[in-house]
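From just these sequences and the hints, can you work out the full model?
Using this note's numbering, read the sequence shown as starting at 3 and increasing by one per residue.
The set of hints was computed from the structure by calculation and includes no laboratory data. Beta carbons: idealized from backbone N, C-alpha and C, even for Gly. One thing to keep in mind: the hints can contain errors.
[Said to hold, decoys possible] Label pairs and their in silico Cβ distance ranges:
1. Arg40 x Gly9: 15 to 25 Å
2. Leu10 x Arg117: 29 to 39 Å
3. Asp44 x Pro65: 18 to 28 Å
4. Tyr161 x Gly9: 14 to 24 Å
5. Ala43 x Pro65: 11 to 21 Å
6. Leu10 x Asp140: 34 to 44 Å
7. Arg117 x Asn19: 14 to 24 Å
8. Asp44 x Met143: 31 to 41 Å
9. Ala14 x Leu163: 15 to 25 Å
10. Asn159 x Ala47: 27 to 37 Å
11. Met143 x Ala47: 35 to 45 Å
12. Arg6 x Ala36: 19 to 29 Å
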Amino acid sequence: MTRRLAGLTGIAALELNISCPNVSAASTSAPTLAMCERLIADCRASTETPIIAKLTPNVTSIPVMARAAAAGGADAISLNQYLPWYGHRLAAPAATVGQRHGGPQRPGDQANRLRAVFQAAQVVKTPIIGIGGIATIDDVMEFLVAGASAVQLGTVNFYNLGRLSKCSTPWPGGASGSRGSMHCRRRRKH
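What follows is the structure in structure tokens.
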């Protein structure tokens, strides 16, 4: 895929979703260290486009996996793909997610996501993009303090479509976001 996209205009970066919870039961397992590094290295060899490694927190060691992504050539690491989740409605025998498992980004799981960002930021110089359950400026600031260089807004758009338009207003101190993403950057101390 990276070879097919190499050289196309309008693509700012490629995010490699290494572990997606909503496709099949097999994809809920975390990638191995070797697989993570090899996948990113193979993609890196076929493109000069920046690569973002989207990692899962469902591994034995976040720092080890972050190092593997950096060693493979990731330009940035986004954390956290998902936390294991299962939902079932008592009123009807149907799962609340299509595969009976998945990874909704719920605000209540924030402490685990912040821990993963903090742990990764301690061991790599690669920029970290905080993701998952970010809905307020307080959420943004928590991720930045934990070590993220930027954040993504995703799930919040399912229940608050106007949130991104609010991100295009100037930030204190003159920095500003842009439509489609929230750019909250700070310099890394490494």
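Broken hints, numbered, in rising order?
-> Number 4 only.
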